[in-house]
Amino acid sequence: MENMAEKAFLEAYEAHADALFRHCYFKTSNREFAKDVVQEAFCRTWNYMAEGRRVENMRAFLYRVAGNVIIDEMRKRKTTSLEALEEVGFAPVDEHTPDGEAFASGQEALRMLRHVEEPYRTMLVMRFVEGLAPKDIAEILKESENVVSVRIHRGLKKLRTVFEGEQKDE
Amino acid sequence: MNELTPQLEKKFENAKRVVLSRAEKDAMRGHIESFMRENRGGGMIPSPWAAGRFLVFMHKPVALALVVILALGGGTAYAAESALPGDTLYSVKVDIVEEALAVVTISDEARVRWDVRRAERRLEEAVELTSEGRMTDEAQTEIEERFEKFAEAVEVRAKVVEEKKGPRVAAALLAEFESKLRGHERLLARADKGNSAAARSAAPAADEPTTMMATMSVETASSDSEAGAALMFEATVMEDDEQGKHDDKDEEKESQLTKKVRARLEKLEQVRLEAELEVELEDISEDIEFDIDDEALEILLPETGAGGAVDMDVKLIPSAL
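Listed in order, the protein sequences are those of chains A and B. For reference, each letter of the first sequence is one residue, going 1 to 170 in our numbering. For reference, each letter of the second sequence is one residue, going 171 to 491 in our numbering.
Below are the DMTMM-like pairs computed for lysine to aspartate or glutamate, each with C-alpha atoms no more than 25 Å apart in a straight line:
1. B:K195 / A:E14
2. B:K186 / A:E143
3. A:K35 / A:D136
4. A:K35 / B:E208
5. A:K35 / B:D196
6. B:K180 / A:E130
7. B:K180 / A:D136
8. A:K157 / B:E179
9. B:K334 / A:E51
10. B:K195 / A:E6
11. B:K195 / A:E32
12. B:K195 / A:D72
13. A:K35 / A:E108
14. A:K76 / B:E452
15. A:K135 / B:E183
16. A:K158 / B:E179
17. A:K157 / B:E173
18. B:K329 / B:E348
19. B:K180 / A:E166
20. B:K186 / A:E32
21. A:K7 / B:D196
22. B:K186 / A:E164
23. A:K135 / B:E179
For the record, the hints were derived by calculation from the structure and aren't laboratory data.
Okay, chain B solo, but in the shape it has when bound:
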């Protein structure tokens, strides 16, 4: 019954020979192969947590670190926890303990949070060192470098999160980092200020020592004779110069890290705003795009009338209330 007549069969028999030529087939294969190379997803890559792959996957120093921690026991790691740049155990704290914790952090979000925390920890160390008056140039540089590294990692990983979990999650993470950084920036600036004030015991503890000195000089100058004033002025200039040098140095000391944090904040704000824009765009496109596949359409179409009416009623009730 469901067969072709012999005449029709002959016509269809020929139709079966419609194929791609070898050249066409090869050309298309080339396109597909290059597409495949550009679009290698994570799905094909076996989980690094699969049995046996665990230690192979880890960077050698990290694998070593885990072994070291196990060998030394928790004591060293615990002692290292409070180490500051310049201390013997500082590198154990940052490069071994923190790194090992990073390795066992699986989800991307958790990893971002940990990087945020690590960046924060560097700033906390800076505040501690500064307020104790132990900050050295070396420690400063080390903290700066490490802070930059983790802050950068946060941004990079936030991008990964954005791709995998959507911009909403990424924007939230970035906002969290931003607000934390702001808090640290304030603490940092205060510590720097406190430190420079304490270091210069001769100078009055004031917010703006330069202004203060200048005001004093002017006062002295106006109450004296002209020659005296000139002399005083000279002295003031000298004093100011000296003061200026101190200030420059303090400014430098304060700004190096604080400035970096500020610059990072600006950049971060930009990245976060972009992510938030993505969220908005997504919301908008969700509202307009209806991507109904044909199967769904076939199922939906006959019932659209009744189904639609019911939906309307349900929606209207809460708004009427």
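Just chain A, with the same shape it has in the complex:
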């Protein structure tokens, strides 16, 4: 019985770790930090389940826990904003990255996203990087679908402004 729960949990890890990592990476702009967050999120989720409580939607639950972990870590590190963290650490392209070029392009998206403030940035990451439907995002964030759509719309508007600004600069 116990082993079944463990097996199921590790399957969930294999299924969601990458997406969760990407989510955290684009939220925090820091590869190592994002990895820590993902690990901590899985541990906290395990603890929650080990206390006998049920997790209805594993993916949504993991995203919420990861969001809380990021907030907790931010408080601990006494940095008031994500921007401050971005100043501290930017993981360079390293050998772990499967596709250097793609990673570099990922950086481009990341760079633009940094100009979009929260909560719009998370919306854009979830919608366009993770490819989640507004309905799924709404479920994960426990917001109404309408709120999500509006935020995506505003985020996009902001992103286009950033992009056009960059085009002009070039």
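Chain A is already provided as a structure; the job is to place chain B on it using the hints.
What follows is chain B alone, placed relative to chain A:
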């Protein structure tokens, strides 16, 4: 409307390929797996009371005990109830009836209470045996061992209660045990004293026989000649020695169990104080820690002004009265 322009889409398309490398993923999996092993909660373990698991879960002797009790009927169990160490039915009382009752005690708190009761029962038996003059070394040892076992179980289980129900509940249980033990310790000491006094019919029934004898000797010595005094002194010394042996033995007899109870009391006090300290710490941290999650914050923030004011009014009224 809510879609990316083709140019932007291309940039985001690449972003989608940001993943953990296999090595990173495996390393993290290793961490999580070891974390899972260290943190196996009770929640995943199926209830031992689930259908079919009942007898499997129980220790074999206990399962057997239940069967035996059912077979013999309540009569034996009832007769065993008043058995004392050395009696044939004593083991039925302690190892079968009490054990079976322990098995059907589900909650941790109830289990602690039952262990407290079992420790108490051992001390009551000791008092009964001693006052009847039936206490033997064997019975003494048996009672000591069993008392220690249950007293230890109380402390261990109190820890479990502390983890599950908080230190407040655990501290209360420990305090209860402590006060009960104190009562028994007094009874025990009195029984021992009464017994040693009765056993030595020649000696006057006094609290401190040694002192008494010494005083008598000195009196006799001072009223006699020097030689007589010396003789008396010698005799007194001999008498004292003999008396001393008796006393040592009594002391030993009294202390073995009583001393253990005292030692246990000291330890218990320590454990209880620790639990009480936990309670205090918890109270303090409750006062300072505000762990508001973001969702709650989002809901609360727009209304903070009005809500806060109302709260203040409500709080002020009773104190003004």
